[in-house]
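Engineer: Sequence:
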Amino acid sequence: MSSVPPLLSAPGAGKPSRSASAVVAKATRGFQVFRIDGYSWTKALPGGERITSEQFNVGGRYWHIDYYPNGTDGSNDSAGSIALYLRLQNTYKKERVRAQYKFSLLDLAGNEAYELPAETGIFRSTGRNPHNPGEESPEDPGCGYAGFITKEDLEKRRDSLLKEDCLAIRCDVGVTEVRTMAVGPKNGRPATMRNYPGGYGYGYAGGAESPDEDFEDDGGSHKGRRSEPDDKEYIRRCLSAQRRK
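Position 123, counted from 1, in the sequence shown is what full-length UniProt numbering calls 123; the numbers after and before it change by one each time, with no gaps.
Be aware that one or more of the hints could be misleading.
Claimed, not checked - Quick list of in silico lysine-lysine cross-link-like pairs, DSS-like style, CA-CA up to 27 Å:
(1) Lys26 x Lys151
(2) Lys163 x Lys151
(3) Lys163 x Lys26
(4) Lys156 x Lys232
(5) Lys102 x Lys151
(6) Lys102 x Lys156
(7) Lys26 x Lys93
(8) Lys94 x Lys26
(9) Lys156 x Lys43
(10) Lys232 x Lys102
(11) Lys163 x Lys43
(12) Lys163 x Lys102
(13) Lys43 x Lys102
(14) Lys43 x Lys151
(15) Lys93 x Lys163
Keep in mind that the hints were calculated from the coordinates and are not lab data.
Can you build the whole structure from these sequences, using the hints too?
Structural biologist: Following this line, the structure appears as structure tokens:
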């Protein structure tokens, strides 16, 4: 049997290549406020029919809130409870994401008037065929509550939960975000950080989240750069924005 030459100490091998890397893992979180004007009319939808929020970004991934006014059972058009689910938006990549989530209902001042404890769930992107974008993969329904609150209890608390026939849902999401960081010097440039391709993530809510966003409330439209509002003020602006009748 021939011996392997000493590659690590071979003469004439030249200067060795050098590199260094690191990963940074941290918890990130975000929330979205999903406002439904005209709650009473949503009760006319059939069982299994959902109303979906706009996408929002948490940890580099897009999420949706799904509200089922008559539950998730398509064979029952008069369910006694509303259902709320958090769903990971499908991408071209199959993946599993572990996230913590919490649903609450807000009064029009932005206070949490009803909530259930935070839960942890596994969310899945079932993937898409990049060569046939129109081909739909089976969608993962996400995680949530088939009976978040009974409609009877909701109606009893109309003054706080359904004032002006508005249902305001808040969903908080938290995940672990992993990024790689090049720690070795390269051409004299400082170390840089980038998203880890297979990393986990949390992020911040979508919608009008930038301080440059326009808010239209009862006092009219407000434009231009301003200091970023805190969470409570941000929610207050979202809930006081002009409602469509």
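Engineer: If a hint holds in the structure, say so; if it doesn't, say that too.
Structural biologist: Taking the hints in turn, this is what the structure says about them:
{"no.": "1", "hint": "Lys26 x Lys151", "verdict": "violated, 39 Å"}
{"no.": "2", "hint": "Lys163 x Lys151", "verdict": "holds, 15 Å"}
{"no.": "3", "hint": "Lys163 x Lys26", "verdict": "violated, 39 Å"}
{"no.": "4", "hint": "Lys156 x Lys232", "verdict": "holds, 26 Å"}
{"no.": "5", "hint": "Lys102 x Lys151", "verdict": "holds, 20 Å"}
{"no.": "6", "hint": "Lys102 x Lys156", "verdict": "holds, 23 Å"}
{"no.": "7", "hint": "Lys26 x Lys93", "verdict": "holds, 23 Å"}
{"no.": "8", "hint": "Lys94 x Lys26", "verdict": "holds, 23 Å"}
{"no.": "9", "hint": "Lys156 x Lys43", "verdict": "holds, 16 Å"}
{"no.": "10", "hint": "Lys232 x Lys102", "verdict": "holds, 17 Å"}
{"no.": "11", "hint": "Lys163 x Lys43", "verdict": "holds, 16 Å"}
{"no.": "12", "hint": "Lys163 x Lys102", "verdict": "holds, 22 Å"}
{"no.": "13", "hint": "Lys43 x Lys102", "verdict": "holds, 24 Å"}
{"no.": "14", "hint": "Lys43 x Lys151", "verdict": "holds, 9 Å"}
{"no.": "15", "hint": "Lys93 x Lys163", "verdict": "violated, 42 Å"}
In terms of the numbered hints stated before, the structure departs from hints 1, 3, 15, listed from lowest to highest.
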